[in-house]
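Visitor: Residue numbers (our numbering), protein chains in the order written: chain A, 976 to 1237; chain B, 13 to 399.
For the record, the hints were derived by calculation from the structure and aren't laboratory data. Any given hint might turn out to be false.
[What the hints assert, rightly or not] Pairs of lysine-lysine residues, derived as DSS-like cross-links and limited to a Cα-Cα distance of at most 25 Å, are as follows:
(1) B:K166 - B:K178
(2) B:K295 - B:K367
(3) A:K1172 - B:K391
(4) B:K166 - B:K138
(5) A:K1028 - B:K166
(6) B:K138 - B:K178
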Amino acid sequence: MSEANKLPRTERNRVNEVERTPSAMDARKEAGKMFATDYDDWSQEEKEEIFEKVTEDIRHEDFMYGCYECGICVAACPSARFYDFSPRRIAQAVGREDVDLFFEQLNEDAWDCSQCFSCNRCPRENSPGGLITIMREVAVTENLDSAEEALEGYERVIYKIMSTGTQVSPDMIQPEAFPDWGPSAREESEHMDEWRKAIPPETLHTTDTAWTVSDRTIAEMFMIWHETDVLDMLEEIDPGIHMILTDMMEEKMEEGGWAEED
Amino acid sequence: MAQSQEPRTQKEKRQQEDIRHELRELEANGEIEVLDVPEPYVEVERKDGHTKKIPLEGLWHHKSCGQCGHIPGYSTSIFWLFRELGYDYYDPEDQTSCTGWNYYASATSNEAAQAGVALRNFGQAKQDGHYPLIHCGTSYGHYKEVREQVIHHKETRDQVRDIMHKLGHDLVMPEEIVHYSEWTHAVREDIADNLEYDLSDVTACVHPACHYYKIVEDDAIYDPDVYGGNRTAIVTTLLEELGTNVEDYSTWYDCCGFGFRHILVERDYTRSFATQRKIERMKEEADPDVTITHDTGCVTTLDQSQYVTGEVHDRNVGVPVMSEAQFAALAMGAHPYKVCQLHWHNTDYRPLLEKMGIDHEEAWAEFEAEVDAIEEGEKEFVTWDDV
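Could you build all of it, start to finish, from the sequences and the hints given here?
Guide: Written as structure tokens, this is what we have:
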């Protein structure tokens, strides 16, 4: 053990800091700014308001209890192996109410998460993945540039799930969309109609939905979207999809006989 | 742990307060209707030491958008197993997906909307006179998450009840949330009794699906005799019952790399993780003939990711991937193309079929004859009578 490591923790940190090569972080500390400065055009009040939308969400109390800083969540995290991403830092920033770090993570880290919930093996019962689910929703609702960027190229998927109730349909297997799937994507695309008809269950003969979904069921789903204000989340971040889905919702609600109620 | 001791964590709290008891309390207060597991059912062991009822028939098959869209042999094999083993089932058209893929990937949803989707499906299953059986690992995990939220968050419960009443549904929660792989676990001896092929030369690795046992862990199936009870026994118990040689590998806990949004818009991450952390580790440590899993995204990710990494990057890949339902159906003599629909898979599965003793060339010729008949207007569809 080195001499420095025999010192009490606080003293050791001070010694180690002196021994470190000065970094950009030191410069920021000196300037009174601990973290990335890319979000300086956001006021502290704005950041705190967004932070509170996460901590006041009804799910927050189920996902955040405190952090032992053991790092088990990082060891289990697939995204931590490929990105500069740490579920522990997510939990710590939320737990410590470090609004600046939280805001940086909201914009730079939240969309790296795989949402596999491997981090749920946390001995303190935190769910960093669950926190990220909430953070992403807040990022979408607040129409953050980072959320808009993350959802680029995603319009068709959002449209499909919200208008049909099935997220993946056979007609999405197009060679240009799945070039890395090789010849199989091309072959499936070429034979789509007859191969779907060659599946025994009657519900699977469709090509534009994963299975046949009745009109009444789709109307009920739109009623759920209406009652839970889900489409409002899209209003600013994707006005085009929002307009199309809103028109569909009004039509379906009329078909379902619910139009007068609202 | 003594029941009187104050719980220190949510885990201990859940162990003390089996959520099914809380559900019954809400039912007694007239807050929610519990859909009882119908008979006949099998009781199996859960992680938390309680038992779980797995219904055998009268089931409302909650299909999976990924399975039905990209790997239709997955759902078809489940239905085939029900038919072959003599259990009735219902394949509804009044079902939506759980929409969990959207919830986890693009976040254009919220707790109340997700609960609404789940409880509409449950309410519909009740109206149809059946009990829900969930095909997708994510739907299963997500619905258990929704169950906790609906039970513990009165505000959500009241909002969703109001929506359900507008739709003409009751607020219904099943007594147990049941994944189809728990059904194959429960009937594994029946499946083993009907084997057409000897599987003792087949080596398999198991990828347990994250959302099956990580989102809500308590009622996943565990067995002290499988992996020492240190991980879920699901899928492995079936494979061992069938006489398959199940080999372990070090990265079993890792996810497949699906990532929800990544498989759609950042597939470089998905491919890298699936092949480097999963397939290559399996190849090096176990050299399996097949990888078996029990979820939509896992089959798609582990299977489809191998093409580019193998062809372009010359990585050590080439392990076919399928669900345990497809594998069990094959072993029971199901048609590899008409039932298991293996032509929708990417990584070469033919060496596995040859090892099992299945003539894939003859089977493909039979399938092509059916497709020709459809193209020439001689028949509209391949039906159950054809298989």
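Visitor: Evaluate each hint against the coordinates.
Guide: Structure-based check of each hint:
1. B:K166 - B:K178: Given that 25 Å is the threshold and the Cα spacing comes to 18 Å, the pair holds.
2. B:K295 - B:K367: 17 Å, holds
3. A:K1172 - B:K391: OK: A:K1172 and B:K391 at ~10 Å, within 25 Å.
4. B:K166 - B:K138: 22 Å, holds
5. A:K1028 - B:K166: Satisfied, since the Cα-Cα distance of roughly 19 Å is no more than 25 Å.
6. B:K138 - B:K178: OK: B:K138 and B:K178 at ~17 Å, within 25 Å.
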